[in-house]
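Residue numbers (the numbering used here), protein chains in the order written: chain A, 1 to 353; chain B, 1 to 353.
Just so you know, the hints here were simulated from the structure itself, not pulled from any lab data.
Do not rely on the hints blindly, as some may be mistaken.
It does not matter which identical chain is meant; a pair holds if it fits inside one copy or across any two.
No farther apart than 27 Å at their CA atoms in a straight line, the calculated lysine-lysine pairs in the DSS-like style are these [claimed, not checked]:
no., residue 1, residue 2
1, K166, K235
2, K162, K250
3, K250, K166
Number of protein chains: 2
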Amino acid sequence: MSNLKNDRFLRALLLEPVDVTPVWMMRQAGRYLPEYRETRARAGSFLDLCKNPDLACEVTLQPLERFPLDAAILFSDILTVPDAMGLGLYFSEGEGPRFHNPVQDEQAVRALGVPDPEQDLGYVMEAVRTIRRELDGRVPLIGFSGSPWTLATYMVEGAGSKNFSKVKGMLFDRPDLMHHMLGVTADAVTAYLNGQVAAGAQALMIFDTWGGVLSPRDYRAFSLAYMARIVKGLKRENEGRRVPVILFTKGGGQWLAQMAETGCDALGVDWTTDLSEARRLTGGRLALQGNLDPCVLHASPQRIREEVGRVLESYGRGTGHVFNLGHGIHPDVNPDHAAALVQAVHDLSPAYH
Amino acid sequence: MSNLKNDRFLRALLLEPVDVTPVWMMRQAGRYLPEYRETRARAGSFLDLCKNPDLACEVTLQPLERFPLDAAILFSDILTVPDAMGLGLYFSEGEGPRFHNPVQDEQAVRALGVPDPEQDLGYVMEAVRTIRRELDGRVPLIGFSGSPWTLATYMVEGAGSKNFSKVKGMLFDRPDLMHHMLGVTADAVTAYLNGQVAAGAQALMIFDTWGGVLSPRDYRAFSLAYMARIVKGLKRENEGRRVPVILFTKGGGQWLAQMAETGCDALGVDWTTDLSEARRLTGGRLALQGNLDPCVLHASPQRIREEVGRVLESYGRGTGHVFNLGHGIHPDVNPDHAAALVQAVHDLSPAYH
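Given the sequences, and given the hints that come with them, work out the whole structure.
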């Protein structure tokens with residue numbers, strides 16, 4: 001394995017000193033880039049792109065060619081795991097992800113099993129290996145998964161949802177079934193992430209996109225508990241280096257202190273909580289990643305620079321901050337505006353180190 | 001004006017003792033009721049229903065015929081105000097509200113004016129008068145409006161939105177324009193709510209459905225500040241009684257203490273913040289309304305009863321609690337489940353008073 005030429009991202013996650021605040025953007029490999037749209041058109045469907053390791057590698061590297069980012073993130077989809085569990089993932093144009101076989105009764109829940117990463121998700125493992133080889137140590141590679149609760153919302157609803165009636169109906173009426181599904185899914189995610197580490201992922205992120213739609217009690221019992229179980233089951237060292245784990249619950253600002261107790265290395269923070277407040281809540285014991293409102297990228301480069309400055313100032317002095325958006329970059333953002341964000345972090349952050 | 005036979009709702013909002021925790025449900029007059037769907041079909045479109053005072057009165061009263069609720073809420077839509085400002089509201093089937101003339105440039109912002117409630121929104125004022133007459137003092141009538149920020153999201157986007165790119169693009173790039181639009185809209189909402197009070201509304205609620213998508217700084221500057229301005233401009237007494245004002249920012253759990261400073265009488269709380277925490281944050285200085293997850297109504301009546309008990313227990317002993325959902329009741333809820341909620345509040349809450 002090649003030596004890492006830029007390890008700012010890993011160092012900040014481990015609270016080690018850095019010269020500049022590291023920066024990457026959620027969904028940095030995505031539709032806002034014309035070169036992504038070109039590769040995607042060549043691949044066929046979105047799922048074809050995810051399942052082709054060479055093309056997944058190609059789009060993973062595209063944003064790094066444009067911007068001096070400090071990390072790459074595996075191009076994939078959070079729903080590969082339920083797909084490998086037999087749910088039959090497909091994407092209907094303009095309507096997002098769907099499952100042929102949603103999990104809506106006891107029989108379907110009891111039938112769920114834990115996929116083998118190399119056998120059932122070999123295309124992801126192969127993508128990780130290919131990307132690591134092509135990255136050649138430029139920056140670290142982040143592997144990721146959806147959280148069990150977030151995956152369960154799609155698995156039960158069979159698609160994206162607004163109200164989450166079906167999955168919460170099951171949660172309230174059959175908590176036993178919901179816990180069984182989340183347990184199996186947590187084991188699947190643990191194996192999947194450990195597979196990614198074995199294949200070369202140098203940091204891991206768990207996306208809990210829908211934990212924020214739960215009550216505090218239900219969040220603890222049905223989302224946080226299973227993320228904690230995953231964190232405990234992960235291989236935390238590889239190639240002689242610690243593999244940091246980032247947890248991100250969108251809308252989870254009220255629960256950061258509890259999330260910090262899971263043993264993860266860092267928390268993602270969305271823009272509805274100031275980093276100063278997040279740092280206070282977590283006592284500086286772990287790193288924070290975020291948290292520019294992605295909508296700022298619709299404003300002028302000058303405004304983007306000012307808002308980047310505000311986020312840096314909110315975190316304050318010292319290591320432990322990974323600059324990011326508070327959610328994925330929007331498909332209709334001008335790539336020059338993403339460049340302005342990265343440039344501003346590089347220009348303005350050295351004063352904080 | 002008739003004497004009020006049941007004033008539990010108003011008493012709890014003013015922190016006066018009550019025998020039973022008052023209860024109503026957001027969107028209690030709505031699609032989950034077959035009798036609503038029947039009236040709606042007779043009316044024609046949703047907007048026809050809103051604009052017909054007799055039919056608006058009919059659907060307002062429907063849930064009171066079924067359940068022993070402690071308040072009625074005017075049947076209307078939050079977008080009547082921008083419609084009266086000339087934006088041309090319409091509803092496209094299955095796609096929600098839209099405007100013929102969204103506000104997307106400086107000229108459109110500068111052209112905005114404050115509608116006269118009786119002249120330009122006479123159908124709402126007439127609905128309030130009709131409902132008050134037909135209610136005949138059974139329970140108080142709640143008037144309402146959207147918050148300026150929430151109205152602005154629809155006014156700029158021209159429809160519902162997922163990312164709020166356009167309205168936030170304007171907020172970041174042209175804060176001067178955004179403040180102008182919010183100022184005019186706040187004046188419009190103030191006049192509209194005062195008109196409702198003059199017509200007979202006995203309490204007021206401001207729905208800030210989209211304040212929770214802002215950063216803490218932007219929430220204060222672009223949403224909370226304008227709600228505070230409205231609260232200061234409202235007529236707070238009518239017919240010899242105080243007219244309480246409830247503010248509700250969905251996703252605003254982190255900002256309850258700041259919301260309490262506006263001078264309102266009560267805060268709506270969604271289910272992502274426990275009432276015990278909300279009561280701690282606001283020091284018991286004002287009433288709280290909420291906060292059952294609307295998805296609980298998809299579970300069995302026995303589970304609904306347990307969850308109602310949890311919400312009551314979370315608020316704890318004493319007055320100042322108005323039981324409600326944390327968001328509007330879903331259209332696919334079984335009305336018998338709504339009945340179970342109301343019954344549970346009546347059965348379980350006396351122990352707390």
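Status of K166 relative to K250 across identical chains (alpha carbons, at most 27 Å): both (20 Å within a copy, 21 Å between copies)
Status of K235 relative to K166 across identical chains (alpha carbons, at most 27 Å): neither (34 Å within a copy, 43 Å between copies)
Up to 27 Å CA-CA - K250 versus K162, copy category: This pair counts as both: shortest intra-copy Cα distance 15 Å, inter-copy 14 Å.
Checked against the numbered hints above, the structure violates only hint 1.
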